[in-house]
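Given the coordinates of chain A, assemble chain B onto it according to the supplied hints.
Protein chains: 2
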Amino acid sequence: MASYDPKTFKLLTFHDAVAKFRDGKDTPRAYLERCLDVIETREPEVQAFVVLNIDGARKAADESGKRYAEGKPLSTIDGMPIGIKDLFETMDMPTQMGSPVWKGWESGRDAAHVRGLRKAGSVVLGKLVTTELGFSFPGKTRNPIDSGRTPGGSSSGSAAAIGAGMLPAAIGSQVVGSVIRPAGYCGNVAIKPTFGALNRGGGHSSLSQSHIGVHAGSIEDAWATCWNIANIAGGDVGHPGLYGALEPAAPAKPARLIQLETAGWAQADEASKEALQGVVAELRKQGVTVIGKADDADVAAYEALSAEALELSIIICMFELRWPLLGYRERGPGMLSDFMLGRLADAEKQTLEDYRDMLARREKIRAAFAALKSKADGFITLSSPGPAPKGLESTGNPSMNAAMSITGAPAWSLPLLAVDGMPLGVQLVGFPHEDAKVTGHARWLMGTYLGA
Amino acid sequence: MASYDPKTFKLLTFHDAVAKFRDGKDTPRAYLERCLDVIETREPEVQAFVVLNIDGARKAADESGKRYAEGKPLSTIDGMPIGIKDLFETMDMPTQMGSPVWKGWESGRDAAHVRGLRKAGSVVLGKLVTTELGFSFPGKTRNPIDSGRTPGGSSSGSAAAIGAGMLPAAIGSQVVGSVIRPAGYCGNVAIKPTFGALNRGGGHSSLSQSHIGVHAGSIEDAWATCWNIANIAGGDVGHPGLYGALEPAAPAKPARLIQLETAGWAQADEASKEALQGVVAELRKQGVTVIGKADDADVAAYEALSAEALELSIIICMFELRWPLLGYRERGPGMLSDFMLGRLADAEKQTLEDYRDMLARREKIRAAFAALKSKADGFITLSSPGPAPKGLESTGNPSMNAAMSITGAPAWSLPLLAVDGMPLGVQLVGFPHEDAKVTGHARWLMGTYLGA
Numbered sequence: 004m005a006s007y008d009p010k011t012f013k014l015l016t017f018h019d020a021v022a023k024f025r026d027g028k029d030t031p032r033a034y035l036e037r038c039l040d041v042i043e044t045r046e047p048e049v050q051a052f053v054v055l056n057i058d059g060a061r062k063a064a065d066e067s068g069k070r071y072a073e074g075k076p077l078s079t080i081d082g083m084p085i086g087i088k089d090l091f092e093t094m095d096m097p098t099q100m101g102s103p104v105w106k107g108w109e110s111g112r113d114a115a116h117v118r119g120l121r122k123a124g125s126v127v128l129g130k131l132v133t134t135e136l137g138f139s140f141p142g143k144t145r146n147p148i149d150s151g152r153t154p155g156g157s158s159s160g161s162a163a164a165i166g167a168g169m170l171p172a173a174i175g176s177q178v179v180g181s182v183i184r185p186a187g188y189c190g191n192v193a194i195k196p197t198f199g200a201l202n203r204g205g206g207h208s209s210l211s212q213s214h215i216g217v218h219a220g221s222i223e224d225a226w227a228t229c230w231n232i233a234n235i236a237g238g239d240v241g242h243p244g245l246y247g248a249l250e251p252a253a254p255a256k257p258a259r260l261i262q263l264e265t266a267g268w269a270q271a272d273e274a275s276k277e278a279l280q281g282v283v284a285e286l287r288k289q290g291v292t293v294i295g296k297a298d299d300a301d302v303a304a305y306e307a308l309s310a311e312a313l314e315l316s317i318i319i320c321m322f323e324l325r326w327p328l329l330g331y332r333e334r335g336p337g338m339l340s341d342f343m344l345g346r347l348a349d350a351e352k353q354t355l356e357d358y359r360d361m362l363a364r365r366e367k368i369r370a371a372f373a374a375l376k377s378k379a380d381g382f383i384t385l386s387s388p389g390p391a392p393k394g395l396e397s398t399g400n401p402s403m404n405a406a407m408s409i410t411g412a413p414a415w416s417l418p419l420l421a422v423d424g425m426p427l428g429v430q431l432v433g434f435p436h437e438d439a440k441v442t443g444h445a446r447w448l449m450g451t452y453l454g455a
Numbered sequence: 004m005a006s007y008d009p010k011t012f013k014l015l016t017f018h019d020a021v022a023k024f025r026d027g028k029d030t031p032r033a034y035l036e037r038c039l040d041v042i043e044t045r046e047p048e049v050q051a052f053v054v055l056n057i058d059g060a061r062k063a064a065d066e067s068g069k070r071y072a073e074g075k076p077l078s079t080i081d082g083m084p085i086g087i088k089d090l091f092e093t094m095d096m097p098t099q100m101g102s103p104v105w106k107g108w109e110s111g112r113d114a115a116h117v118r119g120l121r122k123a124g125s126v127v128l129g130k131l132v133t134t135e136l137g138f139s140f141p142g143k144t145r146n147p148i149d150s151g152r153t154p155g156g157s158s159s160g161s162a163a164a165i166g167a168g169m170l171p172a173a174i175g176s177q178v179v180g181s182v183i184r185p186a187g188y189c190g191n192v193a194i195k196p197t198f199g200a201l202n203r204g205g206g207h208s209s210l211s212q213s214h215i216g217v218h219a220g221s222i223e224d225a226w227a228t229c230w231n232i233a234n235i236a237g238g239d240v241g242h243p244g245l246y247g248a249l250e251p252a253a254p255a256k257p258a259r260l261i262q263l264e265t266a267g268w269a270q271a272d273e274a275s276k277e278a279l280q281g282v283v284a285e286l287r288k289q290g291v292t293v294i295g296k297a298d299d300a301d302v303a304a305y306e307a308l309s310a311e312a313l314e315l316s317i318i319i320c321m322f323e324l325r326w327p328l329l330g331y332r333e334r335g336p337g338m339l340s341d342f343m344l345g346r347l348a349d350a351e352k353q354t355l356e357d358y359r360d361m362l363a364r365r366e367k368i369r370a371a372f373a374a375l376k377s378k379a380d381g382f383i384t385l386s387s388p389g390p391a392p393k394g395l396e397s398t399g400n401p402s403m404n405a406a407m408s409i410t411g412a413p414a415w416s417l418p419l420l421a422v423d424g425m426p427l428g429v430q431l432v433g434f435p436h437e438d439a440k441v442t443g444h445a446r447w448l449m450g451t452y453l454g455a
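The listed protein sequences correspond, in order, to chains A and B.
If you use our numbering, the first sequence corresponds to residues 4 to 455, in order.
If you use our numbering, the second sequence corresponds to residues 4 to 455, in order.
Simulated from the structure, these hints should not be mistaken for lab results.
Every value quoted in this text rests on a predicted model; they were computed, and no experiment measured them.
Some hints could be false.
Since the list gives no way to pick one copy over another, a pair counts as held whenever it fits inside one copy or between any two copies.
Stated by the list, open to error - In silico lysine to aspartate or glutamate, DMTMM-like type, Cα no more than 20 Å apart, as pairs: (1) K28 with E66; (2) K122 with E351; (3) K62 with D360; (4) K367 with E314; (5) K62 with E333.
Isolated chain A, as found in the complex (with noise of 0.2 Å):
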């Protein structure tokens, strides 16, 4: 059995190696084989990487060294290895999104936060496993503390290199719960940014609600990737883009917090609820005032609202994918797995009409969440209901992450918690566009809660 514990795992941070680089006594190339070797021992049970581009990484921490040497480094996360979820275009490397629709695929070109990473010289060094398509058909990967047990989905592979310490940042996605669960599963820190803050151009993860989102072994160096791929490569077309200072917001005690139950805490066994309690008695210590839907008529209506967030966001998404997906579905059997059979099925009976409605329906859980903007900092809730479920046949359950998602709020899963000797996430969630706020909560709770 797994014997997770919060306050000693030790994940991979970067951005307290940039002094060393600077003054000669590290250089990136040196950390890049640092990640090589844990992946040499970890990755052939781990399985988080589709493919490795070694020779390329080397070549690109070597340039990076030399600018480090020069004391002209790109950007804060010049010579940090990084991964990509296999749903976004490197020009280095295939790009496969789990589907046998698109195996072997290249496409030549770097998807825009790609091409955003490699301007401010952070070194690719591969594609990380993901679930088909970025839903919820598995890939190969294992959760890095036990592997019996899934490492969530559909960003497996990115939040298992984190967990393993393979990495200390990797690209991940989320459209219901893709970031934010992997990275509870897995003991990662990320963040799931506003709907839009992140260009999304060059992957295929152009439905209403998806979100380019990262996993890293700390927070700073989960914002600092962040802004750096706003400021280089901006925000989804038409939005304004990540708001906030290079640096992260320094840490900050919220004054109050809305419990956010979700549909998911019905679904949360007993262990990891009393064990989100016990973050919430600590926050109540600290002086911050937490509410529920028991204390305010606003909270309860927006809980009983987004109840059919998780639903409502899988059968726009399907609504959304009937293109392309019937098109593959129609180059014969085995393009696609039988589980997107069946929600394609669902979503073909649904016509412009129906989705109008939905749109509608999303529209109001929207405004009741905008509505509680002047009751609260921000929201607590489980990153998921539970830690990494065993087995590897599902990815778990997203039931604590689809109310973000559907109203594009930001959110941090924390690794603070250890349930059944596994990881358990706490899910710190914002208002849409205050992510350097609910960042400086975050680093106040790891702090505060963790001694980090």
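For chain B alone, coordinates are given in the frame of chain A:
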């Protein structure tokens, strides 16, 4: 010199051919063969197509014929030959986007709207010339009325194929003025529906104000094409899609129109301005109230704000195109035109903060436009500041179109006028999501003005 006369100029129509398919007096295959005859005659001069799939089209037309023979056509556009702007993916033809970057590229799949057209039984005949990546650098196409003139762009081949009578309908797209202007230049009917009305999936047209539009020989065929796309393929993700019934709205006289000048009016030639005034005089004679900026402070406010619509649209879109264009530029010389490189260099200087400012200015224009909704049923203006300019080195001036693109408003170009022996389009504009209403007005105006 050309001697175009809108009253006698013949465009191909499809909706009125269907009755003969049903009773066996005509067939989709025979209709297609007549299109191919025109193409054989006119294409060497007009050069509207990048590639034709004649065998595939004949097969599709024969299958359509069988459906009519069995009394089971798939839709109102079953058997309709159509061409696709070469910005959009087709599974049976390459997608090359008027750019060396994409030379020979075959995606192996249909764009969302192309799949929709095929599911409706339409006969996808070929890919139509676009300017470089849908921007300004011209392709090979010539104006079908006068081959010494531009057909306009970026939907150059789409407009020319309709104007030459090669096809009853063709897909175009508009970011600033790429459907309405070339339609006006080539004597087409064309609609740029409300932003988001037709699914852009599977095309390199993902900017925050790009639209799929339809060129056709009749309002009826253009509407039927839009309706079938929207109801099979949906609108853009997150958008409600095209509103309106399968049958185009009945011809209806608007009570009140705003004559919009936009920045283009100052650049329009006298003959073109006079020609529009003739239409306005006829409207007034028919009892339509036509007001302008001199009559209403809100109209004047909108005219003032939208003066920057063209330049603002371009810089917004070029910022959004930094990815992928910067990556293309890095591949070496010859990948992008000097025009594109110049625009890109401008966009490179912009920051994310600048982009936010541009979006805010766009929102202001949209708000001023929306404020006019209580004042009129819609708008009338020219489709371009004059007829197609001589020469092929420029695709003409989009200054009459930017105001409608930046607001996402639905717009028709109607071939009502002739100036200098060339077609001149009248642009009829509605409010967002009122595509059906402006279609009724367009049908009424066509009938009233041309006696069609």
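Now the hints, each set against the structure:
1. In this assembly of identical chains, K28 and E66 lie within 20 Å of each other by CA distance solely inside one copy; the values are 17 Å within and 73 Å between copies.
2. Within a single copy, K122 and E351 get their C-alpha atoms only as close as 42 Å, which misses the 20 Å cut-off; across copies the closest is 13 Å, which meets it.
3. Proximity of K62 to D360 under the C-alpha cut-off of 20 Å is found in neither arrangement, the shortest distances being 52 Å within a copy and 39 Å between copies.
4. In this assembly of identical chains, K367 and E314 lie within 20 Å of each other by CA distance solely inside one copy; the values are 15 Å within and 36 Å between copies.
5. In this assembly of identical chains, K62 and E333 lie within 20 Å of each other by CA distance solely across copies; the values are 18 Å between and 42 Å within a copy.
Hint compliance for this structure: hint 3 is the single one not met.
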